[in-house]
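S.K.: Make the complex out of the two chains shown on their own, each in a separate frame, by following the hints.
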Amino acid sequence: MRQFKGRVVVPGTCTAEALVSRGGFNTLASYQMALMFGDKEVKCGDQNNPDLYKKPMLGKALCLPMTIGSTTGGMVLYTACALNKQPACMLFSMPIDSLAASGAILGAVWTEGKMPVVDSLGEEFLEYVQTGMTVTVGPDGTVTV
Amino acid sequence: MQLTAEQQALLNGEKGEIMAKIVKTLVMYGDSFGAERMVPVSSKYGHTVISFGLKVMSPVYDLYDQLIQAGLPQGQKFTADPRPLDKNVPASFLDNFVFTKLMYTQQERYEEQLNKLGITGEDAYTCACYLDQVGNKPEKGEVLSWAESSAVIYANSVLGARCNRNSGILELMGSIAGFVPEFGLLTDEGRKASWVVEVRCKNRPEAQLLGSAIGMKVMEEVPYIKGMGPWLGTELDGAACAYLKDMGAAAASNGAVGLYHVEGLTPEAKEQGESLIAEGAQVYVIDDNELERVKASYPVIWKNPNAKPQLAFVGCPHMSLQQLRDWTDAVTAGLKASGRKKVAIPTVFTAPTAVIREFEKEDRAAALKEAGVVLSYICPLMYMNNPLCKSKAVVTSSNKLRTYTSARYYTEAEILDMITGKEGGK
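Line by line, the protein sequences are chains A and B.
Here this note's numbering is used: the first residue of the first sequence is 1, the next is one more, and so on.
Here this note's numbering is used: the first residue of the second sequence is 1001, the next is one more, and so on.
Looking at chain B on its own, in the form it has when it is part of the complex (with noise of 0.2 Å):
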């Protein structure tokens, strides 16, 4: 790799023996990617996934504390993937015990660590940094510095801004040196499709069932999507960017997609069509009858199948404003056709602080909290990290949540169903 002089004198240790280590992994992260050069992050803030203070993870604070200690240079502010704990959601003695005193122990520690690091403030943690209320919402082109695979997808596919699949821990130090070794999605040949995936199902595809199909097949490939335009449009309105967002989120952690482009929707479809499709691409096509396989694929791993649900999570990644209104009138209008006050099985609505700080000013905030559904900024995924969940029959309508946990996977109607207490929901 060819390093600029200041580059060379960063890794010859100029400005320390930390910063010359950070240096040293970049450069050989992007060795292992036939990286020629870096590349300065043009975006105004990073992001990081690490978000949670476990105690098994020390080695990363220990690594985090040398940074500060090292005094390095402050990089770009950053927002973080949302806290593990949240009162609000429901928890025995038990789980509380597991979560403060054996596993959440760091928990403080890291958030002020992340404090001197340059976290972005109190509405920072979200995996949905991108919507507006949030704030980090980067422009196309921009070359980032992330991780949290949910949020590299979105940013890649949807604002057409340029990310790899970073780790935690690489993120930040490609936000403190200011560079990136330029691979991979940072590159316009490293955009291009491998695979074209023609939908052909007769209805609208479940978001987290499409994406979960494609990053199965796909893996770390790029899909170039056709045949979604009678259900997303051309227009990247609310609607279509909490479609993609969730379908992404699927196909990152079902696989490790990282990029994808839908034909006339996304930006660099729309400006350059076919022609991001490399030579030589494969063919997948996806049917209702694909996505019912894929379904029917997943394992159950409660301890008893048959068991009733007793948690529900919708959520992950966390929800738009408009997804929040959507559920709450759905929510609504579903107690009332069964003829219920509350939902039949404890539920938690996930959301980012500052867009549940925007729906708190409608009034159906209120229903919502009157048909007994929690709202919350936690992450379901570290919330089901407890053991104790592995007993829990939770149910969720997140393809991500069940890849990582225990968490059995439902369509949306299929949980609005269970929650509303619908005859013959499950």
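Bound conformation, chain A alone (with noise of 0.2 Å):
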């Protein structure tokens, strides 16, 4: 079990199974077809994406260094969280980048969807951390992998 301290952007605690993308994650790739076609699982569709493609996002612990793509990727992430449909949280190795800070942020002050978000929280982090661990998000930021 190894812990991480990181920068908390949108307050909130959960444990989730990790979902790990060693690259950017594209929001509007990875979900435009999951919520236009209301697959239950929300699986991911970005083919950019080895590490995602085709595999179930609800409910998961995000882990990721940052999004990248079009700038629908806050607005498709305001959507998830309106449609319940976001991951349990979103962890960040990076400083966040402004397209999720702006899903993140509108989701939490629009919407009830509930979405923890950290960030900073190191190239170590998303190095440890494996698709199907177990992480836990405390209130302070700190990450329980």
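None of these hints come from the bench; they were simulated from the model.
Any given hint could be a false lead.
According to the in silico footprint, chain B covers these stretches of chain A (three or more CB under 8 Å from chain B) [claimed, not checked]: (1) 27-38; (2) 66-76; (3) 79-93; (4) 98-104; (5) 107-117.
Here a beta-carbon is modelled for each residue, glycine too, at the ideal position from N, C-alpha and C.
M.R.: Structure, rendered in structure tokens:
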């Protein structure tokens, strides 16, 4: 078991199974088909992301370096939160990017969807955590893997 | 963050709960990036990335209803991304059923909302809002509240305006509030390059391939690109701007680049030269082999990878007037060479409505129509959101379209060969 300390972007706590993207997470490419056609498991549709492609994202602790791609990204994340199809939490190894921050904050301010977000967990976090491990997010940005 | 008394009053609810939530959203957004203050949005117009009334995005339109019902003071007017539907674009009965009955059921509702929120007019729908014919072209140094990754990177890099890679919804909130948090690409420090890209190709690199390579490597950081002089020169003429438009769109979608500098060409690089390069910047060398490697890395997700192309899209982001002219001339010459009168596969060129109107005044418009090419204002990406497209062999010269859909990427020359039926064309 290891602990990592990050910065709280959206407060909250949770325990969930890790889903790890080693490369940038393209929010639009990952979510668009799953949201559009009501995929209950919210499987990742990003063909360029071999770590996540076709894997269910709903309720997972999404561990990633950052998000990339279209500026609809934040809106897509907000929609996922509003429809309760968001990950259990988002855990960034790097400082959060503007699109992910937008989506997480829109979700926190404008919806009831709960999705704690912690960033700046460090490269070591992303090297250590593996898909399938159990991750717990504490209120102060401590992440236990 | 230090708010002015006026901003604090808005946050405290002086103009209602909805306005307070807008300001709270902007404050949290700024706090995430260590912004110390808000700065006024100084451009004439905004630009929103959301142009589609998708059923699944109903929560977005519900939120916009709240903004409208709250009777918020009108923010700046804005343009929007291209519409998702155009009956001129080839579509089967089933495609049309899916588009109108299952996917874009909120289109009418959303366009009514945009009218109430302040869209500039019928010509407003394009991702290339900065083209002269469209008229949303910010000045150097102006602060924007825009979204649309290809427009943001163009405004920052080619026009020298200042805009972060804002998300849809949030960009509209900045336009309504009239201020945005100051961080990232709004600051001098945030506009420094942490990568130097040395282009050492023998021939002019394909814009959409070069952008893709840069985006995948530098991700969200700022590259300073050297070695483009032989192909782009030192003036931002129509050809250079079109090239940079396409290169930037690929860098923004294949990575998360919001700004690049091109040595001796883009405004800040011209003014400040290598002083824009941050200490300790990393170096990425791109030669012909590297571009080949990047191209070969793209996955092909067609059901049948050897399928004959069924549809070609050119113009994501939307084409400029000069690009339309050049493509028309190339198609005309290509058809003549291959002894054909019409394109070999259904082909759609996309451009802003205002550009299409200008183009249609020229003789070339008739030639393009004669060749069987459909000219449309549509968003190819929205068209291809249709799940039926997964079983369609769609080809494109757009790396952005490739990234978000099942469309397969080819260089412009390869696409030209395909659509003109040149022997050996794929």
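S.K.: Run every hint past the structure and note whether it holds.
M.R.: Verification of the hints:
no.: 1; hint: 27-38; in the structure: holds (count 8)
no.: 2; hint: 66-76; in the structure: holds (count 10)
no.: 3; hint: 79-93; in the structure: holds (count 3)
no.: 4; hint: 98-104; in the structure: holds (count 5)
no.: 5; hint: 107-117; in the structure: holds (count 4)
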